[in-house]
Amino acid sequence: MSADLESAQHPETLRRVAIEPLSRVEGHGKVTLLLDENDHIRQVRLHIVEFRGFEKFIQGRPYWEAPVMVQRLCGICPVSHHLAASKAMDQIVGASQLTPTAEKLRRLMHHGQMLQSHALHFFHLSSPDLLFGFDSDVAKRNIVGVIEAYPEVAKQGVLLRKFGQEVIRLTAGKRVHGTGSVPGGVNKNLSREERDFLLKDIYQIIAWSRDAVQLARRLFEQNRELYNAFGRFEAHGLSLVRADGAMDLYHGGLRARDKGGETLFDHVNYDHYWERILEEVKPWSYMKFPYLRELGPEQGWYRVGPLTRVGLCDFIPTPFADQERRSFLAYDAGRAAGATLGTHWARMIEMLHSAEAIKELLHDNDLSGDALVVSGARQERGVGVIEAPRGTLIHHYRVDEDDVIVRANLIVSTTHNNQAMNEAIRQVARQYLDGRKLTEGLLNHIEVAIRAFDPCLSCATHALGKMPLVVELLDAEGATVDSLIRSVGCGER
Amino acid sequence: MTVPAEIKKLRVATTSLAGCFGCHMSFLDIDERLLELLHYIEFDRTPLTDIKHCGPCDIGLVEGGICNAENVHVLREFRKNCKMLVAIGACAVTGGLPAQRNHLDLADCLQEVYVTETSLGKGGIPNDPELPLPLDRVYPIQEVVKVDYFVPGCPPSADAIWKFLTDLLAGRTPRLGHGLISYD
Ligand code: SF4
Numbered sequence: 001m002s003a004d005l006e007s008a009q010h011p012e013t014l015r016r017v018a019i020e021p022l023s024r025v026e027g028h029g030k031v032t033l034l035l036d037e038n039d040h041i042r043q044v045r046l047h048i049v050e051f052r053g054f055e056k057f058i059q060g061r062p063y064w065e066a067p068v069m070v071q072r073l074c075g076i077c078p079v080s081h082h083l084a085a086s087k088a089m090d091q092i093v094g095a096s097q098l099t100p101t102a103e104k105l106r107r108l109m110h111h112g113q114m115l116q117s118h119a120l121h122f123f124h125l126s127s128p129d130l131l132f133g134f135d136s137d138v139a140k141r142n143i144v145g146v147i148e149a150y151p152e153v154a155k156q157g158v159l160l161r162k163f164g165q166e167v168i169r170l171t172a173g174k175r176v177h178g179t180g181s182v183p184g185g186v187n188k189n190l191s192r193e194e195r196d197f198l199l200k201d202i203y204q205i206i207a208w209s210r211d212a213v214q215l216a217r218r219l220f221e222q223n224r225e226l227y228n229a230f231g232r233f234e235a236h237g238l239s240l241v242r243a244d245g246a247m248d249l250y251h252g253g254l255r256a257r258d259k260g261g262e263t264l265f266d267h268v269n270y271d272h273y274w275e276r277i278l279e280e281v282k283p284w285s286y287m288k289f290p291y292l293r294e295l296g297p298e299q300g301w302y303r304v305g306p307l308t309r310v311g312l313c314d315f316i317p318t319p320f321a322d323q324e325r326r327s328f329l330a331y332d333a334g335r336a337a338g339a340t341l342g343t344h345w346a347r348m349i350e351m352l353h354s355a356e357a358i359k360e361l362l363h364d365n366d367l368s369g370d371a372l373v374v375s376g377a378r379q380e381r382g383v384g385v386i387e388a389p390r391g392t393l394i395h396h397y398r399v400d401e402d403d404v405i406v407r408a409n410l411i412v413s414t415t416h417n418n419q420a421m422n423e424a425i426r427q428v429a430r431q432y433l434d435g436r437k438l439t440e441g442l443l444n445h446i447e448v449a450i451r452a453f454d455p456c457l458s459c460a461t462h463a464l465g466k467m468p469l470v471v472e473l474l475d476a477e478g479a480t481v482d483s484l485i486r487s488v489g490c491g492e493r
Numbered sequence: 001m002t003v004p005a006e007i008k009k010l011r012v013a014t015t016s017l018a019g020c021f022g023c024h025m026s027f028l029d030i031d032e033r034l035l036e037l038l039h040y041i042e043f044d045r046t047p048l049t050d051i052k053h054c055g056p057c058d059i060g061l062v063e064g065g066i067c068n069a070e071n072v073h074v075l076r077e078f079r080k081n082c083k084m085l086v087a088i089g090a091c092a093v094t095g096g097l098p099a100q101r102n103h104l105d106l107a108d109c110l111q112e113v114y115v116t117e118t119s120l121g122k123g124g125i126p127n128d129p130e131l132p133l134p135l136d137r138v139y140p141i142q143e144v145v146k147v148d149y150f151v152p153g154c155p156p157s158a159d160a161i162w163k164f165l166t167d168l169l170a171g172r173t174p175r176l177g178h179g180l181i182s183y184d
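So the protein lines, in turn, are chains A and B.
The first sequence runs contiguously to residue 493 in the numbering used here.
The second sequence runs contiguously to residue 184 in the numbering used here.
In short, the hints are calculated from the structure, not lab data.
Where hints are given, some of them may not hold.
Once the Cα atoms are required to be at most 20 Å apart in a straight line, the calculated SDA-like pairs of lysine to any residue come out as [as the list claims (entries may be wrong)]:
no.	chain 1	residue 1	chain 2	residue 2
1	A	K200	B	D31
2	A	K30	B	D31
3	A	K174	B	D31
4	A	K259	A	E234
5	A	K282	A	E6
So that you can see chain A by itself, here it is in the shape it has in the complex (with noise of 0.2 Å):
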């Protein structure tokens, strides 16, 4: 088996395994294994297999629009993109402090988007694999299964992004999608009316959140040591940090720590990220491979998501969540921090600190303001970094004087897991899959790995950095033709 098990040395000559097309993940992505005759494992990698353009067919368009635009990129975490595009217009129209209505109602949204996206990835999506177990019946491993076997998780589960998706519709106006946040604020305050109707569910919602951590803490104790172990490695880490270093979701300042824990950079102005962040493409996959650039492609990839944020940050600004965050911490010595499986309990920690914000906000009076959009001297380039639900995002335009985009660039947060997620599967490959006959169970062991981190694999297919374009002919058959394959890049900054 060769070390790194990214290329193995005679592909022609070995047996090929795909796991395609992935599922319970949000978009298109495979994986492929090759096996010698033995069927050990020489190659293993995750493939992302689609390519859209966003970056480049958004230049040309008015400014304001990206917010509206972007989150067309995905339809799981849209407030996401919403928000990133919005913070890095608030700079272009120069808004560099919005009024307290706006900043609150955006941090509203973004609570709920966490909310109901981490309630859908833990009981919709990575529930079954958990309660059933890796290799359970699949017909039965699904949300399907789980409402059958467990009712009332599921139910909850059900509720809970429910609760979400009524937070953004009524910051936001639809639940995807939506229209909410504007380049310098937000077009809409939450009325008073608004405001009771989520209060009367906020502690219910709190209460079954903090169930869900016991249960993500359930589901570890009972496989503390295949917990630990599974598709485990090191690696450094990225989040954004408020200023007094708590977790801040909604924005702060980048801070990057290695895999021994020492501070790399810390509290860093991300306006400039490029000088901290650079990205490598690979031939077999259209999404890239950001690194840190003080440690180069080899050794600075990094991971960013819930267990990330949950370790770097000093402490979570809610009350239970950040019990739950240093029990976390203090669990098996510190094991379960950086344990791949370990991403389920750090990410229900976050849905239950966004559920205590919530609350937080709900009797904000600023809410039901009146002051909503500021603007200042504009500017040419706009940076908008955000903590989505997956990890850190960063979109990055320039306007010129006819307020047209005429550059965009997106790191989303998936694109910077993407040597983690493939570290992970190569090390359940050794661990489960090597010299094995491969059944549908152990390939889902894989798949498993892989839905630790959530990933957005539609979010992450469509930028168009420097990929290839594939033209391909077809017939009225629909029959190819011919194809042609050519180098496109589109730039940067």
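Assemble the complex: chain A is given as a structure, and chain B with the ligand must be docked to it using the hints.
Using the frame of chain A, we list chain B with the ligand on its own:
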């Protein structure tokens, strides 16, 4: 709806082609009505199950247009297996936002690669045979297969999807009245 004791469930497959999953999210936005719906339907291939290939089904719901060769294969498989095929959402119906790339001039793009310094540490051309070939344009699904119903919207609301499905389940011709059809 009251649940009859013995009913033959309709088998439903769903897929996302060149879509954003927003239509699937809107489907899940029927919230607790999902629990009720499951008395009447069962899932074949969908992003929610681990069934990788569509088998014989009563209804196929397709989100997203066609942007690469793999989309074409999946769509044909759906058409072959589903008695009724439904285009859900703007992307499936018209190509949607991803079809914005249809006006891009490839030559311009090619030009850019040679004149633009990118922030890439190491560039290169993804050209692995594992990557399906992108099509020159993004197509609505009816340009490739016959489609029985179109539900517009980006995404269609949960109520629209609910009305559509419950009409079908009740044996009625689906009708979306005022307030349920949107073209955002
Ligand atoms: S129609 Fe809208 S919500 Fe549906 S897949 Fe397309 S962009 Fe997403």
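Structure-based check of each hint:
1. Note on K200/A and D31/B: the hinted pairing holds, with a Cα-Cα distance of about 18 Å set against a maximum of 20 Å.
2. For the hint pairing K30/A with D31/B, the CA-to-CA distance comes to about 29 Å; that exceeds 20 Å, so the pair is violated.
3. As the CA atoms of K174/A and D31/B are separated by approximately 15 Å, the hinted pair is consistent with the 20 Å bound.
4. The hinted pair formed by K259/A and E234/A meets the criterion: a straight-line CA distance of about 6 Å does not exceed 20 Å.
5. A C-alpha spacing of about 11 Å is found between K282/A and E6/A, which places the hinted pair at or below 20 Å, so the restraint holds.
Against the hints set out earlier in the document, a violation occurs for number 2 only.
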